[in-house]
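The lines below spell out each chain.
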Amino acid sequence: MAQNEKSLLGKVQDALHGSMLLELTKGMITTLYAFFFEKKVTVQYPEEKRPVSARFRGRHVLNRYENGLEKCIGCSLCAAACPADAIFVESAENTDEKRFSPGERYASTYEINMLRCIYCGFCEDACPTEAITLGDNYELSFTDRRQALYTKDMLLVPVLPGGQPTPQVTAPGEFTRSVPAMKDPQD
Amino acid sequence: MTKLINLNINNTPVTVPEGTLVVDAAKKIGVDIPVFCYHPKMEPVGMCRQCLVEIGRPMIDRATGKPVLNEDGSPKLQFGPKLETSCTTPVSEGMAVLTETAKAKGGQKEIIELLLTSHPLDCPVCDKGGECPLQNLTMEHGAGESRFLFDEKHHAEKHVPLGDLIFLDRERCIQCARCIRFQDKIAGEPVLGFYQRGRNTDVVTYSDPGFDSVFSGNTTDICPVGALTTADFRFGARPWELKHAASVCAQCPVGCNLTFDVRREAKTGGGYVIKRAMPRQNEQVNEIWMCDKGRFSGYQFTEAETRLRLTPVEMESALRRASDILAQSKSETVFLAGGRLANEDLFTLKKFAAALGAQAYLYTQHGGGEFTTAYGLTSGSNLGDLGKGDVILVVASDLYNEAPLWHLRLKAAAGRGATLIVANARATKLDEFSTFVVRYSYGDEVETVKGLPAKEKIGEALKNAANLVIFYGADGLGLAGTTALAQACADLVKERAGKANNGLVGVWSSPNQQGALEMGLRPAQNLAAELRGKTVYLLAADLAGDDPALAQALKGAKAVIVQDVLQTASVALAQVVLPASAYTEREGTFTNGERRVQRFYPAVPNVATSRPDFSLLAAVAKGCGVDLEGRSTLLVMNAIAAQESAFAGLSYAKLAEVSEQYPLIGRGDLYYGGTGYENKQGLGVTLAPAEAVTPLNIPYAALRPKEDELLGVPVTKLYDDGTTLAPAKLLAAHVERYRGVVLHPATAEKLALGNGEQAEVRLGGARYLAKALVDASISTGVVLIPRSMGIALTEPAVVQVSAAEKAQEA
Ligand code: SF4
Ligand code: SF4
Ligand code: SF4
Ligand code: SF4
Ligand code: FES
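Those protein sequence lines, which keep their order, are chains X and A.
The opening residue of the first sequence carries number 3 in my numbering; numbering runs sequentially from there.
The opening residue of the second sequence carries number 8 in my numbering; numbering runs sequentially from there.
Simulated from the structure, these hints should not be mistaken for laboratory data.
Predicted, not measured: the structure shown is a model, and the values here were computed from it.
Treat the hints with care, as some may be off.
Examples of chain X residues lying across from chain A (beta carbon under 7 Å, computed) [unchecked claim]:
{"hint": "1", "residue": "Cys77"}
{"hint": "2", "residue": "Ser78"}
{"hint": "3", "residue": "Glu92"}
{"hint": "4", "residue": "Ser93"}
{"hint": "5", "residue": "Glu95"}
{"hint": "6", "residue": "Thr111"}
{"hint": "7", "residue": "Thr178"}
{"hint": "8", "residue": "Ser180"}
Chain X residues, not near chain A, derived (Cβ > 10 Å throughout) [to be verified]:
{"hint": "9", "residue": "Gly12"}
{"hint": "10", "residue": "Gly20"}
{"hint": "11", "residue": "Thr27"}
{"hint": "12", "residue": "Thr33"}
{"hint": "13", "residue": "Glu50"}
{"hint": "14", "residue": "Ser55"}
{"hint": "15", "residue": "Ala56"}
{"hint": "16", "residue": "Met116"}
{"hint": "17", "residue": "Gly137"}
Here a beta-carbon is modelled for each residue, glycine too, at the ideal position from N, C-alpha and C.
Input sequences plus hints: build the corresponding full structure.
Spelled out as structure tokens, the structure:
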């Protein structure tokens, strides 16, 4: 019947569609364009590293104040908040002769089991002194389970220039408060 | 019968006895009214205003004296214009209390807001954080913002040692005076007080040395904030990290119920360690209190360096050697058991000794046990029930030093109107609270007791007493003296035997001497002679450490086997040493001086290869071909119940039964009774009276020194060098304070000895150097020698005291 008969051109088009040549060509053009004319995204890891986003949650660090005192006061709130039970804290008492952190209490033991951690950042939220923060280190690999236990000295950041390492000898009455005094919110 | 009052609390009808406070009535139906200053164990003072509620009372028509009725016939209520403190208001008929209305909640919220104006942001570092009513209330009312200026916050000292055991944080104190009132009213040692006023009100201590009380730890329990903290637990752990193990204190015959809080620690490689001891409520034993000895030194020995440790191989060969020795010596063996052993151990020991045909003795210097088992307290007894019409007699015992909680409970009984008679040769702390004080000279104990019924007022009181409880101790007495004294005391209370709240109580020096006595173990009359040529098996008994004469006797023994928890002087003389578990590491039961059998549960795992005493005994017995239960204490207890008449019908399940106790404490609620624990693990069971026994009539004649001779008498101090106490370093200063011999100033002067000077004490051929302590409250011609403090004096003896030569001092 007359309506069902196709023109020759129509038949060629059908054939090309059927073999997907057209699509392949289109795709190849895009790829070749990107290959020759666009900036490359491949990073030569580990020689080269991509910067992580500002909110990236990598391996934790324990921070220090500028004077070198540890921010962590050994309160265990991070351990309490941790859904994976990855943190273990033991605390002890500071003295002016042997001071680790401001106030009366410091963490004498601080351990995070990186195999347990799910990098949720709850510990960071719970910390009253911003002592623990999730850093940008994601290169965690171990050949032994024990290596996954990060102790306090592994987690503590280096002393900033001008600061002193802990424990420090401090003047009596200088560091009486564990949590830094808040500014009056009315100000 | 007290009148009952009907009232409505939050529209729920309640019926309570007249005189009940609104706050307690509310708690009864589960309504928690927040409190700070009110404590159910103390009189209300209405200081903090936290418990504000709305209270309405029925209106009375003045003309007719009848209640005014609403239209529907219900009585018309009149609510006051102001909120009222529910802790100071007793209930009245028809009262309506509203605790949940906007007005009541608003009042409570404002009090919290005011308290918080001066409260530091310490929750993260505060030891109370996690079990703090101020925290809980703040969470509940949640004023997220303060309307007060931060720079007006009150700042104060944060680290104030009140004594060497308790620290005060002045910033955290909310001035509720609970600590002060506890010391004044319950402990009877008013060493705390307020200083200054207003925002500057400070808790201070008036004693020297600071906070000089043996009940000081309790103030940290009831302090509703973290203002008071203990030296042993400071920053030890957060409360939510702790696991709890129910136990019983093993430092004196009271047997306070307590809870060991444990957690894993890095220093033990992740093993459990005990972090603190807290009271567990038992209104019939220790209520919700415990003494500082139990709290600060009761468990430390578990982790002591001096624990006996063997490798598994050594252990095996030690057990084999012990078996070999005993299989040979058979009936030529003497077992000596200390009162630190649990009932299960004592029973196993008794069985083993019987199977060998050997002798088993209780090792103690405190006799009279046959009387306390026959005429001791029986079921239904409770020192807390004693009051008006009842008589309590304390003879030759310094309860404050020997059994602090009994001191506290007897003081309270006297406060309720009981007649308290204290008879002693010297002044004791209990004198202050007693109705009658009887003074005698050392040596006259027995005659004094015999003479009491003939005294006018005391005799009258004894005769008419509704209930009579007699406590007898070993102040200035040895084995023979205490036995004679017990007999004299028993004569006073004999015919009341078997009646609740009547009986004779021995103030023993160990937690389970009563249990040993109930099992039929008795002290040897002439111990040193018994040991000669025999094989001696010592369990929790350090003969050599206590007395050089006994050490000599041990050397004359054929063989010595020592089974103990810690390194002792006797261990050095032993052929075989078997390391036993500490009681904190195992299960078992103790029988306290009131004859209450109480269960303790394991808190931490065994150190090294140590095993419970009964299990070691069973292992040794097995090697001798004697089959004894060595695996489960429960099975041993079942055997005890079946074979020991005094323990008939007991089982672990029965001992673990609990019933509701008032006041309700330890539930983390806003009706805050303190951090002591609720008792969910058993109140224990008091034994039925044992059959009356005919006492062995041991001849006793008190030692009478000549005119110019000095009589040395043994006395007991709370803190000493006892085997399980010594490893607790926290109390070292307290032990040192009392180390020395006590003399009357006149006696000291005669000997040319000043207070604190070095004296030389000669006693039965031995010479000791000791500090002379001068005390005008004792009599002349005697010298008090504390037990377990280096000078071996087991019974009164003539001693020579002189000023130590300077050369010897150096
Ligand atoms: S990131 Fe989350 S899982 Fe990891 S330690 Fe912190 S709280 Fe625990
Ligand atoms: S890291 Fe922060 S939350 Fe964790 S213990 Fe230290 S201070 Fe407390
Ligand atoms: S120290 Fe504690 S118990 Fe004592 S007054 Fe202050 S808040 Fe109350
Ligand atoms: S009174 Fe006795 S049983 Fe109670 S805590 Fe003190 S030492 Fe332990
Ligand atoms: S005023 Fe009632 S609890 Fe303090």
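Cross-check of the supplied hints:
no., hint, result
1, Cys77, "holds, 4 Å"
2, Ser78, "holds, 5 Å"
3, Glu92, "holds, 6 Å"
4, Ser93, "holds, 5 Å"
5, Glu95, "holds, 6 Å"
6, Thr111, "holds, 5 Å"
7, Thr178, "holds, 6 Å"
8, Ser180, "holds, 5 Å"
9, Gly12, "holds, 74 Å"
10, Gly20, "holds, 69 Å"
11, Thr27, "holds, 65 Å"
12, Thr33, "holds, 56 Å"
13, Glu50, "holds, 39 Å"
14, Ser55, "holds, 30 Å"
15, Ala56, "holds, 27 Å"
16, Met116, "holds, 17 Å"
17, Gly137, "holds, 22 Å"
Going down the numbered hints, you'll see the structure goes against none, and every one checks out.
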